[in-house]
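Read top to bottom, the protein sequences are chains D and P. The numbering used here applies: residue 1 is where the first sequence begins, and numbers increase by one. The numbering used here applies: residue 1 is where the second sequence begins, and numbers increase by one.
Hints are not guaranteed to be accurate.
As the list claims (entries may be wrong) - Derived list of chain D stretches under chain P, where covered just means 3 residues or more per stretch with a C-beta under 8 Å from a C-beta of chain P:
# : segment
1 : 34–45
2 : 220–234
Said to hold, decoys possible - DEER-style ranges, computed between Cβ atoms:
# : chain 1 : residue 1 : chain 2 : residue 2 : range
3 : D       : 202       : P       : 35        : 56 to 62 Å
4 : D       : 449       : P       : 35        : 29 to 35 Å
5 : D       : 353       : P       : 101       : 52 to 58 Å
Don't read these hints as lab results, they were simulated from the structure. Every value quoted in this text rests on a predicted model; they were computed, and no experiment measured them. Just so you know, even glycine gets a beta-carbon here, dropped at the ideal spot from N, CA and C.
Number of protein chains: 2
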Amino acid sequence: MRLAVIGGLAAGPAAAAEAKRRDPAAEVVLFEASAFVSVGACETRLVAAGVLDDLPSIPAETLASTRGLDVRTRHRVDALDVRTGTLTVEAMDHGSRYTDRFDRFILATGARARRLGIAGEDAHGVFALRSKEDAHALRDWLDTEPVRHVVVAGAGPVGVELAEAVRLRGLRATILAPEGRALAGLLHADLGAPLASALRAAGVALRAERAIEILTNAAGRVRAVRTDRGELIGCQAVIVAVGIEPRTELARAAGIRLGATGGLAADDQMRTSARTVWACGDGAEVRRVVDGASVLWPVAPVARQTGRVAARNAVRRGGPPATFAGVTGAAAVVAFGLELAAVGLSERDAAFAGLDAVAVQVAGRSRSSVTPGGHPLWVRLLAERGSGRLLGGQVMGAEGAAWRANVLVPLLRARATARDLAEDTDLLYTPPVGPAVDPLRVAAARLAAAAR
Amino acid sequence: MRLAVIGGLAAGPAAAAEAKRRDPAAEVVLFEASAFVSVGACETRLVAAGVLDDLPSIPAETLASTRGLDVRTRHRVDALDVRTGTLTVEAMDHGSRYTDRFDRFILATGARARRLGIAGEDAHGVFALRSKEDAHALRDWLDTEPVRHVVVAGAGPVGVELAEAVRLRGLRATILAPEGRALAGLLHADLGAPLASALRAAGVALRAERAIEILTNAAGRVRAVRTDRGELIGCQAVIVAVGIEPRTELARAAGIRLGATGGLAADDQMRTSARTVWACGDGAEVRRVVDGASVLWPVAPVARQTGRVAARNAVRRGGPPATFAGVTGAAAVVAFGLELAAVGLSERDAAFAGLDAVAVQVAGRSRSSVTPGGHPLWVRLLAERGSGRLLGGQVMGAEGAAWRANVLVPLLRARATARDLAEDTDLLYTPPVGPAVDPLRVAAARLAAAAR
Chain D
1 MRLAVIGGLA
11 AGPAAAAEAK
21 RRDPAAEVVL
31 FEASAFVSVG
41 ACETRLVAAG
51 VLDDLPSIPA
61 ETLASTRGLD
71 VRTRHRVDAL
81 DVRTGTLTVE
91 AMDHGSRYTD
101 RFDRFILATG
111 ARARRLGIAG
121 EDAHGVFALR
131 SKEDAHALRD
141 WLDTEPVRHV
151 VVAGAGPVGV
161 ELAEAVRLRG
171 LRATILAPEG
181 RALAGLLHAD
191 LGAPLASALR
201 AAGVALRAER
211 AIEILTNAAG
221 RVRAVRTDRG
231 ELIGCQAVIV
241 AVGIEPRTEL
251 ARAAGIRLGA
261 TGGLAADDQM
271 RTSARTVWAC
281 GDGAEVRRVV
291 DGASVLWPVA
301 PVARQTGRVA
311 ARNAVRRGGP
321 PATFAGVTGA
331 AAVVAFGLEL
341 AAVGLSERDA
351 AFAGLDAVAV
361 QVAGRSRSSV
371 TPGGHPLWVR
381 LLAERGSGRL
391 LGGQVMGAEG
401 AAWRANVLVP
411 LLRARATARD
421 LAEDTDLLYT
431 PPVGPAVDPL
441 RVAAARLAAA
451 AR
Chain P
1 MRLAVIGGLA
11 AGPAAAAEAK
21 RRDPAAEVVL
31 FEASAFVSVG
41 ACETRLVAAG
51 VLDDLPSIPA
61 ETLASTRGLD
71 VRTRHRVDAL
81 DVRTGTLTVE
91 AMDHGSRYTD
101 RFDRFILATG
111 ARARRLGIAG
121 EDAHGVFALR
131 SKEDAHALRD
141 WLDTEPVRHV
151 VVAGAGPVGV
161 ELAEAVRLRG
171 LRATILAPEG
181 RALAGLLHAD
191 LGAPLASALR
201 AAGVALRAER
211 AIEILTNAAG
221 RVRAVRTDRG
231 ELIGCQAVIV
241 AVGIEPRTEL
251 ARAAGIRLGA
261 TGGLAADDQM
271 RTSARTVWAC
281 GDGAEVRRVV
291 DGASVLWPVA
301 PVARQTGRVA
311 ARNAVRRGGP
321 PATFAGVTGA
331 AAVVAFGLEL
341 AAVGLSERDA
351 AFAGLDAVAV
361 QVAGRSRSSV
371 TPGGHPLWVR
381 LLAERGSGRL
391 LGGQVMGAEG
401 AAWRANVLVP
411 LLRARATARD
421 LAEDTDLLYT
431 PPVGPAVDPL
441 RVAAARLAAA
451 AR
């Protein structure tokens, strides 16, 4: 049994290791085009801020020797022929190409940063953050160039985190947010004010504008960003943070089906449309359990779990297949002194899924009102009208918000109702970790009434 | 319809308000022997520390007017005749007694602090904390007497919290813990070291001794505690914190059945053995969902919820009865810089329930390893051998421990397995709120393997 795992960031190494664990006799080859494997890309903000010198990663030799894998970094897979089981591989350090045959394949090809698609985007001083090399490039630019002002194009999680990193360096930061606010994809507009205040308090300018051109000086270095309102914003660095898109060139050329999201279509065994090919990681579609939608959910734990499921099935010789249990859709950002977390469906998601959703929002506190050190806490919960089934929730506050949101994960998976949370979920109580009737349960009680 | 609710701390007011909400025509009378209703007794530590001047409570008039209740404070119910529906009531401020007839009754008679039962326990300077008056008495003693050293007899949640309060005042504190460690009922011995270190670092002496006599001076004031090891510990105040016991005199005299715990036996509708009497609050037994045991679970949210269920059934005129969904058994203490939380069964509970339990314990961190500001975090999880069903968990750390434990509440209620938590519970991930593979899931993965 020869298994090829293509992609070495997070899902690929998890898949390769799991395959070898399940079938020690299998020959497992992990291909990665960059020089690094098992990269902790979520720590990019710390490298950008100068807090951390480099993204954590596992040396390829260590991964190979501890897991019994054949790890080939700087090897780019250029083609996959599913009919003959042949990969065409470019050994980048040797300038050579070769073909190799395998029995089965796992695509962990991940995603790339989306581009703005505007003039000047390739100038020196323009960065999109995804890889270890990207993080190095930004760090080196901020360390060595005379940067005073950084424009961050995009106000999603990565944009907000990197704006904070820029401020931690003492530089000016401007976020361009065409939606007019930060984290519009994560949080409802009614939760926007505290984050807007926190950004202002931190000295970050947020402009409801879109970058339409990046201007450079004679040396090809960025000197300004022009926006759709005709403003010219002088800056010495631009961070492009407008989301990611799955890398699917290899799969498409191999005739493997893509889903409506543009990612690799996969069933709950993580099998693609090709019989010998499984998919995992940021580029593979997964089912969101709340509404059954196929979504991309590019976070490390999901990447690893889909990798393990793909691997178990790729090396399976009998017994029931492994299945991926889907995602609830949980995400969080911690920045500017706030934890901002969302689980399950937003109102827009619910409408798109054709669900009649009711939302309530409450403002409470992270600790009992008389306990010193508490902070304001906001909870927004969503349920289906009639059944009262919980559909999603958003929690925000300086403390205790992300883990409160995590309590919603098993509830959403169990298809619990607002009433279940309000009355029957006996969360622990002690004043320093929440009021006797926690804001989470206050919101649930109001929602149970409103959704009737 | 005349409904009498007996007891005004937490469960009683919740029950009375809910009864009136459900049946606005009902006459609802709330009897409370003390002068106060709706008391936030969990804040006693803050009053003891001098951080808060008084326990929060709702003025009886406010409760009466906003909820439409007849609230009678300083009225002690001395007898209940369930056959005739008659209460005998002592109007304490008038030195008079009267009888009154009702259709239905809710017993929210709560619990009292347990006593040591040793000589000297009634001396000036000996305190057991339960009521607003108790908190005032301790506060006044510490404010006005020349206290230098306080002995806390008992190392449960209240003992630990009050030892911290004593230290916050800059006084010496000694905890007498016959078990040899603090919070032995909450946390497994293998989790004991970090708490022991925290107590030492805070300058609290913990002695594996039991108080056998309290010595007084000529003025009847405490001057020392004698222990079962023959030690004499000089002190100017003693706090007795050896747990609570349900107040059941009224119910027993009325012929109402008690359970094996000594509390009021009640079914899942919170009905007692008497047809017209319901029970709620700290004195009423509830079912622990993990093992089906009848337990006392004296925390405010459970008191309120049992109160609401009792009320709905007491005023019910049709439709299905309300039921109490039971407790998972969730508790937490925050003290000396640690959150210490437990949910579900301990190993002792599991053995008592005849369950073959397997435990694992892991040490991890509250944030990803490279994120600044993280703290050590310990997770101990328990599952049933064979099935892998989660039975309980304990989480401890300087941050993120209590809310991590709360994630176990819906999982235990849903009878989830260790594997469900390890693989299928897609908790949100961002490095500042936990590692990519959270200690909770690391523990669950090891437990899933160990419980096989």
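Violated constraints from the hint list, given by number and in increasing order:
2 and 3
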